[in-house]
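In numbering that gives the first Met the number 0, the protein residues as written are 0 to 215.
Read the hints as simulated data drawn from the structure, not as lab findings.
Computed cross-link-like contacts, DSS-like style, restricted to lysine-lysine with a CA-CA straight-line distance of at most 25 Å: (1) Lys-199 x Lys-211; (2) Lys-96 x Lys-211; (3) Lys-122 x Lys-73; (4) Lys-122 x Lys-199; (5) Lys-211 x Lys-163; (6) Lys-96 x Lys-163; (7) Lys-199 x Lys-96.
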Amino acid sequence: MVVTFADSVNFYIQRYQMGISERKQRQLEQVRSAILAQSWQIVEEEGWDALSIRRIADAIEYSTPVVYKHFESKEAIRSAFSQEGYALLASRLHQAKRTHDRPTDQLMALSQAYWAFAEEHPKHYQIMYGLGIPTCEMVRETQEIMEVSTVFHGTIEAAIQESKQPNADVHLKAMTFWSILHGLVAMGMIAGPGDPQTAKRILEDATAGFIKALVE
Numbered sequence: 000m001v002v003t004f005a006d007s008v009n010f011y012i013q014r015y016q017m018g019i020s021e022r023k024q025r026q027l028e029q030v031r032s033a034i035l036a037q038s039w040q041i042v043e044e045e046g047w048d049a050l051s052i053r054r055i056a057d058a059i060e061y062s063t064p065v066v067y068k069h070f071e072s073k074e075a076i077r078s079a080f081s082q083e084g085y086a087l088l089a090s091r092l093h094q095a096k097r098t099h100d101r102p103t104d105q106l107m108a109l110s111q112a113y114w115a116f117a118e119e120h121p122k123h124y125q126i127m128y129g130l131g132i133p134t135c136e137m138v139r140e141t142q143e144i145m146e147v148s149t150v151f152h153g154t155i156e157a158a159i160q161e162s163k164q165p166n167a168d169v170h171l172k173a174m175t176f177w178s179i180l181h182g183l184v185a186m187g188m189i190a191g192p193g194d195p196q197t198a199k200r201i202l203e204d205a206t207a208g209f210i211k212a213l214v215e
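Produce the entire structure from the sequences given, and follow the hints as far as they go.
Right under this line is the structure:
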């Protein structure tokens, strides 16, 4: 194959254009990361209500149209943080599940991991559950939420298969389990700092009661 001068020129032009494209993509990613980092700092220090697109733009020294190019609204930023939170929660739940073989033991481990996540990431948790337990539509549309839902459903399905109620509704039981955990976490957040040992006993008692009703 004979390579002509024109072929060589076209090759280097394409390489040059690819380089420009890659640099632009990196710059876009850097700006997006800066927006999220500054947004999170504001939320951590002053709360969600203090966050605004203008405030973010001023803090990162860009114009508001640049911020809007990445996030169309404050709610879009909330969604990004929510997805991040669910990804962290899913990872924590997967780790907890792997520590046990029996489904009932896994359920207890999941409840403890869920509580620990909420304690360690309260801002994330509040953003994730600002509107309550995710709807079925939200679960289907958001991969990170789907991951959390799948852990709960899979574990409960395995527990049901070993139970005296093999025809129990897996989805119903999974949503009940999730609701129990969220309710306990929400009550803990409202009540504020208290006796951690008492909170832990309540969590274990509620989870044990759920497991007993599930398998017997």
